[in-house]
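Participant: Single-letter residue listing:
There are 2 protein chains.
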Amino acid sequence: MMSRRALFTSGLAAASLHAARRTYTWAEIDRILARGDVKGKLSKDDLPTPALILELDAFEANVKKMAEYVKSRGRALRPHAKTHKCPEIANYLIRAGASGACAAKISEAEALAAGGVTGLLITTATIGKNKIERAVALTRKRPETILSVDNAQNVRDLNEAAGAAKVKFNVAIDLHVGNRTGILPLAPAVSLGEVIQGMPNLKLAGLQAYAGHASHTIGFENRRRVSQEAMAPAVETRRMLEQKGIASPLLSAGSTGTYNIDTAIDGITELQPGSFIFMDVDYNRIGGQSGDVYGDFQNSLFVVTTVVSKPKDEMAIVDGGLKAFSTDKPFPPQWRSGSDLPYAFAGDEHGRLTLNEGKRVSVGDRLEFIIPHCDPSVNLYDRLYAVRGGHVEAVWRIAARGMSQ
Amino acid sequence: MMSRRALFTSGLAAASLHAARRTYTWAEIDRILARGDVKGKLSKDDLPTPALILELDAFEANVKKMAEYVKSRGRALRPHAKTHKCPEIANYLIRAGASGACAAKISEAEALAAGGVTGLLITTATIGKNKIERAVALTRKRPETILSVDNAQNVRDLNEAAGAAKVKFNVAIDLHVGNRTGILPLAPAVSLGEVIQGMPNLKLAGLQAYAGHASHTIGFENRRRVSQEAMAPAVETRRMLEQKGIASPLLSAGSTGTYNIDTAIDGITELQPGSFIFMDVDYNRIGGQSGDVYGDFQNSLFVVTTVVSKPKDEMAIVDGGLKAFSTDKPFPPQWRSGSDLPYAFAGDEHGRLTLNEGKRVSVGDRLEFIIPHCDPSVNLYDRLYAVRGGHVEAVWRIAARGMSQ
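Protein sequences, first through last, are from chains A and B.
Note that our numbering numbers the first sequence so that position 394 is 394, with each residue one more than the last.
Note that our numbering numbers the second sequence so that position 234 is 234, with each residue one more than the last.
There's no promise every hint is true.
What the hints assert, rightly or not - List of simulated lysine to aspartate or glutamate pairs, EDC-like, C-alpha gap at most 20 Å:
id, chain 1, residue 1, chain 2, residue 2
1, A, Lys-168, A, Glu-133
2, A, Lys-203, A, Glu-160
3, A, Lys-129, B, Glu-133
4, A, Lys-129, B, Asp-365
5, B, Lys-141, A, Asp-30
6, B, Lys-129, A, Asp-46
7, B, Lys-168, B, Glu-194
8, B, Lys-129, A, Asp-30
9, A, Lys-141, B, Asp-30
10, A, Lys-329, B, Asp-328
It should be emphasised that the hints constitute simulated quantities derived from the structure, not laboratory data.
Source: prediction; values computed, not measured.
Chain A extracted, bound-state conformation (with noise of 0.2 Å):
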């Protein structure tokens, strides 16, 4: 909750917000928003809700304190992509060091590379003739991409398709050391990279590992030793591939919740965090160094609603319900101001509150809640507004929003 003061201070802000812009109408804030020309006209207030809002001040401070951190330990940072699924935030994060993004599939790639993006790292196999005609276009275009491979008849197609529009392929081998794809590592994966190495249109990256189980554990050291145990084997194959002559510069490991573990052991050359520039309830509660909270990075990422209808004392319903958030999680979005506003789910366009001892909400409110997982809910909306002490900056484009291909 707000100190006396600085609700006082930030009252004082808003006045004088609303004394130096003048009012627009709907259709006058309709054609700022297409046109983006938003600075110095909007405030938060004009944006129709459900409206996902970025506070520019703690999406910065994420920002440079993973880039900072990362550097230090002599890494390099490729962010995933799939968190913001937006171009100028892939750019913002490449000025402010990162070596580039990763993308979870082609079509985000391509959507990220049409928006300048460079340094592409596709985190899941291009699987199928169309899909792989798509990499070569993107190839073509971006010849540093790499694509992510988990199996040898993948990797003759990919070789085959390379050497007939004459380019070539960068590869990383997928590893599977957490619950979802990649090849097993160890020997599976080094015969693999021999396959790879005998390839004539194929180059070898490296290796990429992502243990999600690992990210999410609860306790700092509970998620330490998950984390550890994980990459060791991938670090060992790494060590392996070596040890054969087959060069495997890269192992892009890690996560938001893992990013001062993983980069503590030796042999991984590279983060690829999403969610730290954001946050979310879930990332919140995985606890960090020093306490349950975790809070190494700040919530920056909200969605605004507002109170559309107030059917008892104790009941108001807000404009965002299960389109406007992310629903894979246990739990539900949490009022940005408090925890005693509880949030529930009343269906696709709704959310119900419960008005505890008094607590008064009027139709015509505005409210903002954290959301429960940011990757989900940054992908139901194609414009991300960044704010910053109540005005409009900018309106960004989701432009791989829905980009699953």
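For chain A, the structure is supplied; the task is to place chain B on it using the hints.
Facilitator: What follows is chain B alone, placed relative to chain A:
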């Protein structure tokens, strides 16, 4: 599972399909999909996965069954477009006899109206100066549009805006008969009706009453009891209004789960079901008049995925995860062709299949899934591919996707 004969026949159909059409490059497929002239060219196998497909035979049978049933009971049908968000589907329903379409919010209604949809009923109150300005513009374009109201201040705001703009708003009182929005029925709703009656720029179209808890009650007899109890005060409110000389021609209620319950309740004039066109795992399990599976309508909506990784003999990973399927229900997507290929979510981008009893799938295989909950799943996709017998007949834009404002 398919019989041997059905397998044989579908094998023949697939063979003739492949014989009849040529193979396209991805660049060609991409252009065809963008133009939309798919008919006679593309098959389901040409679609980049994850892809949302609509089986037209099942969809058309669902529409015919609902339209004929509701008509035979002397009620109107205004299906809820929050399910499909697609003007082509809303217009198809109107051609099949629907009186219009419900829209959840003003932005959804705008997208439908832009696609030529008429007879819109917006089922959430339109709150705030900017959204009321949008409602004025929509009413100018489509004067038959109906806005829901449940709050006296909003009624006064609408009246004032309508007066200033020289339009008339049609309004329906939204009744709190479930667990979401609306004013309490009986005396509070009748008072609001009297306020509306006194407003020169508003016309009372009637009442709307959605009881989400009733539509999803498991077991037909239970569901009938719950819906009858929920609807009784709505019907009584209509009677009380008319006793006061306040005409309330409309009482819009009902759902896919209660269509054959609410059409038997005197006083309900119109149904607003949504899911019946698609169905989903959730609605399949509510049970019908005979049996545990609700078989009144057929599953017509599926997500096609591709196996992209096979880390172990007993595990396959498909390319559809939290961003390809709704996640608000406590059950996962269901493989379309049997119960022996259980799916579990494996993060944003992937699903994990457990391969029991020697079940074999290979990297590159395409597998189709019934979605847990249709509305929020459709909201993840930009395009719906309408297919018949394996051929793609049309590409429909989900024009109101993301329009939760």
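Participant: Take the hints in turn and mark each one as holding or not.
Facilitator: A quick look at each hint next to the structure:
1. At most 20 Å may separate the alpha-carbon atoms for a hinted pair to count; Lys-168(A) and Glu-133(A) meet this at roughly 13 Å.
2. Restraint check for Lys-203(A) and Glu-160(A): the C-alpha separation of about 13 Å stays at or below 20 Å, so the hint holds.
3. The straight-line distance between the Cα atoms of Lys-129(A) and Glu-133(B) is roughly 50 Å, outside the 20 Å bound, and the hint therefore fails.
4. Restraint check for Lys-129(A) and Asp-365(B): satisfied, since their Cα atoms lie roughly 13 Å apart, inside the 20 Å limit.
5. Taking the CA atoms of Lys-141(B) and Asp-30(A), the gap is about 18 Å. The hint holds against a cut of 20 Å.
6. Our distance criterion of 20 Å between C-alpha atoms is met by Lys-129(B) and Asp-46(A), whose separation comes to about 10 Å.
7. This hinted pair checks out: Lys-168(B) and Glu-194(B) have alpha carbons roughly 17 Å apart, not beyond 20 Å.
8. For the hint linking Lys-129(B) to Asp-30(A), the alpha-carbon distance of about 14 Å falls within 20 Å, and the restraint holds.
9. Restraint check for Lys-141(A) and Asp-30(B): the C-alpha separation of about 18 Å stays at or below 20 Å, so the hint holds.
10. Restraint check: the Cα-Cα separation between Lys-329(A) and Asp-328(B) comes to about 9 Å, which is no more than 20 Å; the hinted pair holds.
Of the numbered hints given earlier, the model fails hint 3 alone.
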